[in-house]
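Assemble chain B onto chain A, guided by the hints.
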Amino acid sequence: MMRRAACWALLAPLIAVQGLLLVYPVAYAVRLAFTDPLTGAAPTLRNYAQIASDPLFWRAARNNALLPLASVAVELLVGLTLALWLSRRFRGRGALRLLVVLPFALPEIVVLTMMRYVFLPRGYANAALLAVGLPAVDWLVPGSPLAWLTVVLVDAWHVTPVVFLVLLAGLAGIPDEVGEAARLDGAGAAARLWYVTLPLLRPALLAALLLRGVDALRLFATPLVLTGVEGVPVLSSYAYHQWADYGNDAAAAAAASVLAVGSVALSLPLLRQREGW
Amino acid sequence: MRRGLGATAALLLAAAVLLPLWLVVKQAVTPEAESVAWPPTWWPAAPTLANFRLLLASVELASGLRLSLLVGGLTVLSTLAVSFPAAWVAARRPAVDRPLDALLLLARVFPAIALAVPLAVLFVQLGLYNDPGGRGLWLAHTLLATPFAFFILRAGIRRVPSELEDAAQLDGASRAGAVWRVTVPLAAPSIAAAALLVFLVSWDEFAYALVLQVTNRPLPPLLYYFAAFSYPGAASALAALMLLPALLIVALLAPAIRAGGLRGSGR
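Residue numbers (numbering that gives the first Met the number 0), protein chains in the order written: chain A, 0 to 276; chain B, 0 to 266.
Honestly, the hints are just simulated from the structure, not real lab data. Yeah, the Cβ is synthetic: ideal placement off N, Cα and C, and Gly gets one too. Just to be clear, a hint being listed does not mean it is correct.
Stated by the list, open to error - Partial selection, computed: residues in chain B whose CB lies under 8 Å from chain A:
id, residue
1, Ala9
2, Pro39
3, Trp42
4, Val95
5, Ala106
Stated by the list, open to error - Every beta carbon over 10 Å from chain B, so not counted as near; a handful from chain A, in silico:
id, residue
6, Ser86
7, Glu107
8, Asp184
9, Ala189
10, Ala190
This is chain A alone, in the form it adopts within the complex (with noise of 0.2 Å):
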């Protein structure tokens, strides 16, 4: 068996890149967050303060809550209907396979500035809108709800097929007898979804509900490209702006620690969730 030093020297470039880039700048932005940038006194508290008397960190924060609940079951519901569907044997079905995970196979930034053409007020849903006789709408006015909206479906759009995978390889785990046994006992179509397939499901779903979760944590191109810093803020933006438009490095070092925590907390279950997926 190998040498304890052996195993070492082979984990230690892995390690050490962990360290100088993920830990050493994490521990960096805790200083930063708790010191004073003017007197440079710490530790202080002074930062949060100061993002907590902006109104627009507290919109981001509201956001960063929000948008995740949304979009994850915006893309739950989707994505079921959708490996609903195509599990079944039909012919065809390959090809629709293909088309749902194709938004997934496109750059995230093609996707934003894309779909920024179809949502801008002379773009192309207004359109289609004014070409079947009804009035145009202002998809991206900053905070508004329809914005709001805009920015979930546009995430939908792009990431569905990752929750449409881990659901469609939980269903081809499911064997066709125990549908069929159901079906023998008289249960409907919908009986058989509730009692029998979704709870066989589960640990599919929580798998890609987990996942989805802490990857729209992270929210942060979408409503920036879609809305910029001020039109549906989130923590994510919320720091780029602090760091980019103010150079208020120790603002958003303390901004982006709020949205660190909360990443970190909710990716615990994910790892206890580990074997399923």
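Just chain B now, kept in the frame of chain A:
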């Protein structure tokens, strides 16, 4: 009746997925004046390659493309070099696997911006910020891509029985020689899949690139910049150019995805 429902659903799905994609291709081959006109056209009135010609002649594209390819290529090399030895230890020793798995999962879920901001501040001090050679971004992408590569490689190495390495050692090979001559060739499909995925992660990545390369931009922030300054033709042509390698890589990875080889990598 049932059949009609399925056909309608298929049609709706095709429209929802393909229409936005078509619009970007359409804008790429549409003259700028037509792209900004109202109401917009759904089909180019006079298709042109002018946008591509303009784009390919621009200094930004040449430097952006060079930077994207350079950072992507270097990231593949560094990520595989870092991940393969660790993935091999993890595959062979369950006691090492558990803490490593947890560490990399945490790295995988950590918000990019929460890390990009302190990295930017540190890189300023180290002279790596906005580096024309993209060295800072390369480091960040290595960190980002390591979990993806690690999970794929570990799965690939696990499929190679350790008895084969033992047998090679009985025949006189050293442990390292056994891994090199037996495990690496047998795990080659996983190594290739990991390399492709790592390149794709770097090619597509936006947040670190936006923060760490403010003016020496690789392609993703360059596209953001073009779109923000409303050059629909140039932006769409660039989007179309970025699509091609991404789609090609996904097509190459498709068999691995179908076989479940990428499970847990989150792609």
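Residue hint B/Ala106, partner chain A, criterion CB-CB below 8 Å: At 6 Å from the nearest chain A Cβ, B/Ala106 passes the 8 Å test, so the hint holds.
B/Val95 as an interface hint toward chain A, with CB separation required under 8 Å: 7 Å, holds
A/Asp184 non-interfacial with respect to chain B [C-beta, more than 10 Å]: 23 Å, holds
Check on A/Ser86 being off the interface with chain B, judged by Cβ distance over 10 Å: 14 Å, holds
Interface hint outcome for B/Trp42 [beta carbon to chain A under 8 Å]: Hint violated; B/Trp42 Cβ to chain A Cβ min 12 Å, cut 8 Å.
Hint check, B/Ala9 versus chain A [nearest Cβ-Cβ separation less than 8 Å]: It holds, given that the least Cβ distance between B/Ala9 and chain A is near 6 Å, below 8 Å.
Non-interface claim for A/Glu107 versus chain B (Cβ beyond 10 Å): Given that some Cβ of chain B is not farther than 10 Å from that of A/Glu107, nearest at about 6 Å, it is violated.
Whether A/Ala190 stays farther than 10 Å from all C-beta atoms of chain B, as the label says: 19 Å, holds
Separation of A/Ala189 from chain B, once the least beta-carbon distance is taken, above 10 Å: 16 Å, holds
Restraint outcome when B/Pro39 is required to lie within 8 Å of chain A by C-beta distance: 5 Å, holds
When held up to the earlier numbered hints, the structure conflicts with 3, 7 and fits the remainder.
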